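Two chains, two frames, a set of hints: combine them into the complex.
Chains as they are written, first to last, in numbering that gives the first Met the number 0: chain A, 0 to 437; chain B, 0 to 88.
Quick caveat, the hints were computed from the structure, so don't treat them as lab data.
Don't take each hint at face value.
Said to hold, decoys possible - Just some of the chain A residues that point at chain B, by a computed CB distance under 7 Å:
#: 1; residue: H228
#: 2; residue: S264
#: 3; residue: A272
#: 4; residue: S295
#: 5; residue: P298
#: 6; residue: H300
#: 7; residue: A324
If you're wondering where the values come from, they're calculated on a predicted model, not measured in any experiment.
The beta carbon of each residue, even a glycine, is placed where N, CA and C say it ideally should be.
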Amino acid sequence: MAKKSKVRARSAQATNGANGSSVDDMLLAAMARGDSSFETGRFLVTFKEGAAKDAARSLEARGLRVADARDFKSQAVNVEDVGGADSLMLPEIGVALVSSASFAAKGFSVQDEIASDSPVESIDPEYFVFANDSTDYLRGFSRAVEVITRDMGSGLKLPIPELEDEEVQVAGATWGLIKCRVPLSVRSGAGTKVAVLDTGMDLGHPDFAGRSITSQTFVGQPAQDLHSHGTHCIGTACGPLAPAGMTPRYGIGHKSLIFAGKVLSNSGSGAQAGILAGINWAIANRCTVISMSLGSPTPVHPAYTAAGRAALNNGSLIVAAAGNAGNNSPTGAPANSPTIMAVASLDPNLQPSIFSCSGKIDIAAPGRDVFSSVPRPTRYGTMSGTSMATPHVAGCAALWAETSPGLRGMNLWNKLIATARPLGLPASKVGRGLVQAP
Amino acid sequence: MAKKSAKTTKGAKHQAWVVTTSPDRPVADIAKDLSAAGFKVEQTLGEIGVITGSSDESAVKKARSIRGVADISPDAPASVGPPKSRDTW
Chain A
0 MAKKSKVRAR SAQATNGANG SSVDDMLLAA MARGDSSFET GRFLVTFKEG
50 AAKDAARSLE ARGLRVADAR DFKSQAVNVE DVGGADSLML PEIGVALVSS
100 ASFAAKGFSV QDEIASDSPV ESIDPEYFVF ANDSTDYLRG FSRAVEVITR
150 DMGSGLKLPI PELEDEEVQV AGATWGLIKC RVPLSVRSGA GTKVAVLDTG
200 MDLGHPDFAG RSITSQTFVG QPAQDLHSHG THCIGTACGP LAPAGMTPRY
250 GIGHKSLIFA GKVLSNSGSG AQAGILAGIN WAIANRCTVI SMSLGSPTPV
300 HPAYTAAGRA ALNNGSLIVA AAGNAGNNSP TGAPANSPTI MAVASLDPNL
350 QPSIFSCSGK IDIAAPGRDV FSSVPRPTRY GTMSGTSMAT PHVAGCAALW
400 AETSPGLRGM NLWNKLIATA RPLGLPASKV GRGLVQAP
Chain B
0 MAKKSAKTTK GAKHQAWVVT TSPDRPVADI AKDLSAAGFK VEQTLGEIGV
50 ITGSSDESAV KKARSIRGVA DISPDAPASV GPPKSRDTW
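For reference, chain B alone in the conformation it holds in the complex (with noise of 0.2 Å):
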């Protein structure tokens, strides 16, 4: 039987993913609820709540009505200009 891995699935583009939870559940189990639904778990934020990892469209999509997430949304990278510049962020 041929081996059907996530990367060759059709459609399956992995990004990078932030999680923002709310505060009536803990953190901790929200990331197992994530992982179960196909979410890969990277960090759990214990301080403010928020989980960060990478997962495909329809993880993500499952992973929206899990209770106690609030938000997911695509990591959004941040620059302060190359090196040594005199002109910054």
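Chain A extracted, bound-state conformation (with noise of 0.2 Å):
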């Protein structure tokens, strides 16, 4: 045909970066402009129904070279092979594409006051589209367009954006997560067992389809949790590594094993009795990270220390939660014995929380408004506390056995300790600095 021949003897790239340009030309556009809207330069014009036959015209009235989809068999049209047309008419939905230089060239605007009579329904900007699990790339996309823009005035140079460096929130992952460096890492905690003695876990959650999870109640209530501080805990311990639609990631150890033991009932309480026999349950499981947020303001208590020390024996580290009676109280038990890891909570900037209780301290990590599941229908929710700084290390206690078998119980402890950020405070509020992933 006449027609197709014409279109397909053009050059495929046009020089001007219009209907010739490829995706990821546009993309690098778009970050060179410092647009992070999802634009991509082109136009939509959609057409009334019925209208399409008058849609050609009235694009070709306005100066436009239109190709249409009927000139390519099948109508399986690139739109980088339309070549020098201006507009691409995709006449089965009633659609016409614009490249950004004819659009304004030729009068167009988004703002335009469509006419009754004229064959136009709406004109709108063409957006980037990602693939539901390609929230790297669109993370990655974010943060260069974030980074290339503050970098433009300094001369264009491509930036290896270093996170914590970066005042500019990742939209990727939960800001607790980006401080332990945890996004970085490339575990996962494949193949570690990881126990949170907690208020059970909602077992039906959707972000943990799939996942190996073991529950078991010591509060002769069922495992599922009716509280929500289990859920949450276990959400930044174990938590998936792309969760649905746009929430953030949250969690560290995606590939691990779950053990949920319930020994908090859905009020929020437990005895001591139903707390030791979680622990013995999770050692006797051959659990590598034993998470334990919860505590009483109350001195060291033997009993801990003899379930620390066993669990070191067999390979276990337990860590737990320093308690949040504020930072002139002393960490509570069980965090309080020898043998358990007590965690400290710190702000976004990485000062003590305010509520964090200081004295034995071992290590710290994020426990301030931190993002993570809690049971349907609810699904997110966000919270505080030393509770919620303890999962932070749980969950990079995990990757760290992930990449050494050599890695379990004292060695884990201290390579968690050696590998800690300094934080420049005493050691009483943040023991060793802030707990990094590997």
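Set out below in structure tokens:
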């Protein structure tokens, strides 16, 4: 057909970056102009139903050269192949794609008042679309836009963003995960058993579909979490790599095997006997990490010290929350036992949270305004406490345990301490510093 | 003869206790001795060497001298605050 060959005769790559642009070219151009709106720069003209016949004519009347999908075999048109045409008509759906250069030049505008007798229904920007599991791409794109925009003033250089220096929050992960350098880690906690002794878990939460979950109750109520605390802590320690939709990543050991021990009732309290039974169960099941975001404002309890020792002797590490009684209050039990790792809470500015107990503290982690999973139907929520800091340590411990079979018990404890990021603050507040992922 | 139940005995307040044992003796043997002393054994946690149960003060006094008992302390409950609270432990 004469029309087809006329279109195809033109070069596929227009040099002015209009219809001949590849998607990558357009993305780079968007970054260069500091645009994170996800607009491609092209426009879509939607025609009224039945007005498609008039559509091409109305575009040509504006001086646009129109390519038509019908010119291509089976209407299989590659948008990049329309050569020098200013617009591509898609007759089956009544939509025309108009290049950025032509759009302005031919007098179009998205603010156009569309006359009632016009065949045009609507004029809208074209947007980039990403596959749902491309959160990494999206994250990188957003971050790149921010960083390149900031760097434009000092001459364009390709930056390699140092995450901990970035004040800009990356859309793809919680602040806590970023500070612990979790998104940069290649580890998943695969093969590592992580026990979380708490109010149980929402066992049907969609973010945990397909995960290995062993649940056990020690309080006479089903392990199903009707409180929320347990689900939130498990989310931080073991949540998924890429939660559905635009939800940021909030969990660390995304391939860890979850052991949800319900040692606290749905009202949030539990007898020590049940808590000890939970620890016993976790050790019997060879859990490498036992996370305990609970406690009592009491002195060192010998049974917890014995439990912590037994754990270490069996290749398990117990991490426990120091408590929220305030930074003039001493660490509570079980965290205050010498054989149990006590975790303090940090704010986003890496200062100790004002509620975080002090004294016997081994390590610190994000605990303020922590986003994580909660029971359905709400599915997500934000909480604060040394309770939230503790599963950050548990999750990072799982990632470290994955790096070597020798990192168990006391060796794992020592590795967490040795690799913690110093904060220039007293050990009584933050221990050796901020936990870091491998 | 009037039956004297433990509940009506004056001063026999039953409380939850946590017994920490030393590793030099099998924990099951220690549990047996505790029962004999009047301590109501509820859990014997072999991995961590801890026995939990309930007892009045007199049985606890006797139990403290059992070989292998390192410590007997009251059960200390823990809490994380009410459901769906933003501020926790």
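How the hints compare with the structure:
1. H228: For H228/A, the interface hint holds, since the closest Cβ of chain B sits about 5 Å away, which is under 7 Å.
2. S264: violated (10 Å)
3. A272: Hint holds; A272/A Cβ to chain B Cβ min 4 Å, cut 7 Å.
4. S295: The hint holds - S295/A has a Cβ within 7 Å of chain B, the shortest such distance being about 5 Å.
5. P298: This hint is violated: P298/A lies away from chain B, its Cβ roughly 9 Å from the closest one there, beyond 7 Å.
6. H300: Holds: closest Cβ of chain B sits about 6 Å from H300/A, inside 7 Å.
7. A324: violated (9 Å)
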